[in-house]
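A.B. asks: Chains as they are written, first to last, in the numbering used here: chain A, 1 to 562; chain B, 1 to 234; chain C, 1 to 407.
No lab work stands behind these hints: they were computed from the structure.
Only a predicted model underlies this, so the values are computations on that prediction, with no experimental measurement involved.
Yeah, the Cβ is synthetic: ideal placement off N, Cα and C, and Gly gets one too.
Among the clues, some could well be false.
Unchecked claim - Calculated lysine-lysine pairs in the DSBU-like style (CA-CA distance at most 30 Å, straight line):
(1) A:K351 - C:K34
(2) A:K524 - A:K302
(3) A:K297 - A:K471
(4) B:K56 - B:K45
(5) A:K426 - A:K297
(6) C:K346 - A:K297
(7) C:K51 - B:K56
(8) A:K56 - A:K471
(9) A:K102 - A:K499
(10) C:K346 - B:K45
(11) C:K346 - B:K56
(12) A:K102 - A:K426
(13) A:K499 - A:K524
(14) C:K346 - A:K302
(15) A:K426 - A:K464
(16) B:K212 - C:K286
(17) A:K302 - A:K471
To be verified - Some, not all, of what chain C presents toward chain A, calculated at C-beta under 8 Å:
(18) Y73
(19) L75
(20) H106
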Amino acid sequence: MTRDLTVTAGLVKEKVVTLPQDALWYKDAIVYQVHVRTFQDSNDDGIGDFRGLAEKLAYLQELGITALWLMPFFPSPLRDDGYDIADYRSVHPNYGTLDDFKHFLALAHERGIRVIMEMVLNHTSDQHPWFQESRSSRDNPRRDWYVWSDTDNRYRGTRIIFLDTETSNWARDPVSKSYYWHRFFSHQPDLNYDNPAVREEMWSVMRFWLEMGVDGLRLDAVPYLVEREGTSCENLPETHVILKDLRRRLDEHFPGRMLLAEANQWPADLRPYFGEGDEFHMAFHFPVMPRMFMSVKLEDRKPIMDILQQTPAIPDPCQWCLFLRNHDELTLEMVTDIERDYMYDTYAGDKAMRLNLGIRRRLAPLLDNDRRRVELMNGMLMSFPGTPIIYYGDEIGMGDNVHLGDRNGVRTPMQWDGGWDAGFSKADPENLYSPLIMDPVYGYPAVNVYAQSRSGHSLLAWMKLLIATRKSTQVFGRGSIEFLQPANHRVLAYVRQLKNEAVLVVNNLSSSAQAVELDLRRYKGNILVEMFGRNIFPRIGDLPYLLTMGPYQFFWFRLRRI
Amino acid sequence: MWEMIMGELDHAMQELARGFAHFLPRVLAMLIIALLGWMVAYVFKVALRGILRVVKFDRLADNAGTTELLNKLALPSSSELLSRVVFWVVWLGFILLGVQVLGIVFFQEYISRFFLFLPRLFAALFIVFFGLVAASFFARAALLAAVNADSPSPRILATLIRTIIVLFTVTLAFEQLGIGERTILVAFAIAFGGLMLGLALAFGMGGRELAKQFLERRFLKERQEHRQDELSPL
Amino acid sequence: MSVGEVDLLVSVPTHNSAQTVGETVQSIRMGLLKYFPRERAVILNADAGSKDGTREVIAAAASNDLQRSANLYSLRTLPCISTVYGDSPETDVALRTVLAAADLLHAKACAVVSPDSTSITPDWIERLLRPVYRENFDLVMPVYRRHKFDGLLLRNLIYPMTRALYAKRVREPYALEFAFSDRFGGHLLERQIWDQESRGLAAEMRMTIAAMAGGFRLYQTFLGTKPHVDRTGADLVAALRQTVGTLFWSLDANFQYWSATGQPESVPSCGAEYDLTTEPIRVNRKRLYQLFNSGVAELEPVLRSILSPQTLADVRSIARLSDDDFRYPHDLWVRTAYEFASSYHKSVINRDHIIQALAPLYRGKVYTFLVENRDASGPEVEANVEELCLTFERFKPYLLDVWTARE
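Chain A on its own, in the form it takes in the complex:
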């Protein structure tokens, strides 16, 4: 159910926007990933909340994003940054009340911004009442809601995900003197999806939020729902059955809503999660992300081309989700050993930056704060086939703090201005949920929204332009992709096409100027219109099309027959 637009008195300069009624809205969306806690604190307790977030919706609307992905805000002991949920139907008091959330949701919709929230299906916190009951005795009615075993020998060979902290997928529960299954942290016991009661309950939880108006749900850790002996306990057929069932119910009761899968798998293994258009609407394309970084370092398009060409075709209504960074480490699970070593050596020379087979750094520090590279990466993100996700703070080039534990270094407060608490809160700086970034390069006096919005040439301004240009056509979100293979392997070039529209994208992955000759004979007779400045480039003739590019430069050309 979507809200209609209403003009609210008092909102003088804001635009009120219609939410597109298109069932495929997620294909054209620009998603902004943010944790409520990090964005804006309205009650000065040092922790961001929904009221604060609502205040900043104007900023987000101006940036141009069209969907917000919120990290989990459920009540939780916060031992896994909110992914350990203790109550599915409420909001953590740190962030406000359920009413605050509803209010925020309404305002977001008024601004044309959809809201996607997390739904952790696979596991709960061990503080959740369900688990408390389950563990209390073997006869408890909720006993079967979790996966218990007397020994830790079952499901041998299943890989451990959090390698740095866990040594086994079983944890011993002292209360009931047996073992419970957990694919993630030991304080996150897995729910037992073989139990129909669990399945019904989880649907009713989803329904709760969908009825409130939430537009999309990101289902966390879906490959691990079901376990079976003698398998890897990932991507099992039973899991898919459950997921298809959820989708069917969603389509029946809440058409136009979206399900997003979080499954860190190779694209070929991810394909089943789309079903025949009857399972997930969207899924993250994990493997392309480290390869983008690798390609830029190697100055060679091979890693990106290989993975995108190996990506299987997905049903028409489905869509890939692309991102450069997120709240987790830059995962290197989906790369070969050689590639992982290369990434470690080039991007995370300091071992402190490495975590769980990944690199816990933000976008700007990873790219040495090189504006050109940041632009190039964002340009590729916006021109690859899929829906782009911007991690909060990357639009101004925020830095990270590797000395904070786990992955908290990339989850520091949003830097709004150079003043008190970077404009995030009025609490004492020592009382903030996390220290601010303070060094002279990335610190909030240097990198903040206010300073960047005053300049027409800041990264923020450029990001707005990039997003606007991306939104000017549906080709990027919905079109096909065809790679050109010029002799110069430092240049990645491809054509996006949707019906009659064609856009040529050319990226120079090298730190030095390059010349490239493109074989555009198929498009002979077209002129090229560069999309940012709308200047006309020469017509395509019989000869290969010569382009000369500066370091890390990229072009988006609309192909037009006059």
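Chain A is fixed; fit chains B and C onto it per the hints.
C.D. replies: Same frame as chain A, but now just chains B and C:
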């Protein structure tokens, strides 16, 4: 009468004296020219010797086999010889010039003919010399090729080639000198033609097998890259 | 070339090599991926107008799917460029093409691999390139495991003489596979040793000598077995021209250097220093003896201009021996070689003729070698060769005398 005899004697003496007075300066001039000529010729000789040394003419001469030849005839080395020849020619030339000054008509013609002859002499020497060089070079090349290709009687082949070239050269030289040119030419033509005919007949009939083998070996060698009984040198 | 800057360049000069070059390119790719996964590399094919589809074979081999079969992963694009430099194979031009390419692409290490090496393994790439790329050597020469009767010209003349005069123990100064650094490549290009006079002389050998005389760091690396290849006798003269001719010519050009060298130093190497296989093979020795004899007899006038009277007399005396007693002693052979070298230097007769005249005498030496080593084991043959080398070294003053003496 005594007075008449004295008078005639006187007259005759005067005639003689006049004759001498007329003649002596010319002789003197001739002697001077001869002396001058000697000096110039000497300079030429030394200069030429120097030049020939620099140009390593002797080595070329060795190649030509002329040194051997000259040694056999107990003559000095080629450059020395050439220098001396030039010396004598130049001096002779000057002497003849001097003689010309004497004004004796009889010699004039022969003198001019001598000078006309000179260039042709040098041309002939030139041809002979380089002919000898070429003969020696090609003979040696043929010898080496024949030995390395294991052809039968390589020496004969080499000598044959040398002879042909030398004959040809000598013929040319004589033609230049204009001495019995026709005779030599005809003789050469007959000899050469006869030789060629003989060779053709030999190859065509008697040497058929040999020619066949020779051709086979040549032709097949290009096709085959391997043979059983030779080792790779590299 | 849009390949841009690279770190490593591997070149394969070809001429009608379609049968073997596919495997070679595969091995090169595997070698590069296995040992130099992070380096930017390119494979260059310098073709001399092949008409048997060599270039197509290479293109296919360069782009086929290696990963699954060899369990190797390539981080980067590995381009393969093919260029035609002429109508017929000329090692000069091929080498110059490679040098130019290495220069243009700023390659730090460049290797040349022959497409006829059927025994190539991916290791070769590592063995050729590592010393240059990682250990700063300038020229890497190969060492092969050969049959004891293989490579006789190298062993009986080229190796000992080069070693004695240039003071470096490089076993195979004339090799079709080697690697060099950018520093050395630049030096070669600069020196412009590709002039008219030296056309037809083996470019590879000149290169080795340039390295020795120029004070560059040499290295030897073991590359496995060299297959035994039979060749006809006529090739001997061509081979002599290429190797001995080059050597003599270089002596002329580098007199300053070699007249002042001392004891030969060994060259750092990796892998087996030397190895010989001793399986029996058919050899026609008689013919060699006959050729020697007929050569000495027929070429007497020519040899008289080249050799000193004493040496010539000695040669003629051994020619009179029967084939059972015949031996070409080391001493005499060394004197022969040195006198040939000095005659070449003085151009007593046309230089090419001097080289040709060496052929029969060389055959005599080979005959002796074969007889002496008929039943010898690997190390024994090696010892014989070593003895010959020492003889060459001992007679070096003799060469200097003869060289500078005036007729």
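A.B. asks: Now, for every hint given, state plainly whether the structure supports it.
C.D. replies: Results for each hint:
1. Straight-line distance between C-alpha atoms of K351 (chain A) and K34 (chain C) comes to about 26 Å, which keeps the hinted pair within the 30 Å bound.
2. Note on K524 (chain A) and K302 (chain A): the hinted pairing holds, with a Cα-Cα distance of about 27 Å set against a maximum of 30 Å.
3. At roughly 29 Å between alpha-carbon atoms, K297 (chain A) and K471 (chain A) fall within 30 Å of each other, so this suggested pair holds.
4. Between the alpha carbons of K56 (chain B) and K45 (chain B) the distance comes to roughly 16 Å, so the proposed pair stays at or under 30 Å and holds.
5. Proposed proximity of K426 (chain A) and K297 (chain A) is contradicted: the alpha carbons are some 41 Å apart, above 30 Å.
6. For the proposed pair K346 (chain C) and K297 (chain A), the alpha carbon gap of about 60 Å is over 30 Å, so the pair is violated.
7. Restraint check for K51 (chain C) and K56 (chain B): the C-alpha separation of about 48 Å exceeds 30 Å, so the hint is violated.
8. A hinted pair counts as satisfied when its Cα atoms are at most 30 Å apart, and K56 (chain A) with K471 (chain A) qualifies at roughly 21 Å.
9. Proposed proximity of K102 (chain A) and K499 (chain A) is contradicted: the alpha carbons are some 40 Å apart, above 30 Å.
10. Restraint check: the Cα-Cα separation between K346 (chain C) and K45 (chain B) comes to about 26 Å, which is no more than 30 Å; the hinted pair holds.
11. Distance check on the hinted pair: K346 (chain C) and K56 (chain B) sit about 11 Å apart at the alpha-carbon level, within 30 Å; holds.
12. Among the hinted pairs, K102 (chain A) with K426 (chain A) is consistent with the structure: their alpha-carbon atoms are about 24 Å apart, no more than 30 Å.
13. In summary, the hint linking K499 (chain A) to K524 (chain A) is supported, as the alpha carbons are separated by about 17 Å, within the 30 Å threshold.
14. Restraint check: the Cα-Cα separation between K346 (chain C) and K302 (chain A) comes to about 60 Å, which exceeds 30 Å; the hinted pair is violated.
15. A C-alpha spacing of about 28 Å is found between K426 (chain A) and K464 (chain A), which places the hinted pair at or below 30 Å, so the restraint holds.
16. Distance restraint check for K212 (chain B) and K286 (chain C): the Cα-Cα separation of roughly 25 Å lies within the 30 Å cut-off, and the hinted pair is therefore satisfied.
17. Restraint check for K302 (chain A) and K471 (chain A): satisfied, since their Cα atoms lie roughly 28 Å apart, inside the 30 Å limit.
18. Against a cut-off of 8 Å between C-beta atoms, the interface hint on Y73 (chain C) holds, since the closest Cβ of chain A lies about 5 Å away.
19. With its C-beta approaching chain A no nearer than about 6 Å, L75 (chain C) sits inside the 8 Å limit, and its interface hint holds.
20. Because the smallest distance between the Cβ of H106 (chain C) and any Cβ of chain A comes to about 12 Å, over 8 Å, the interface hint for this residue is violated.
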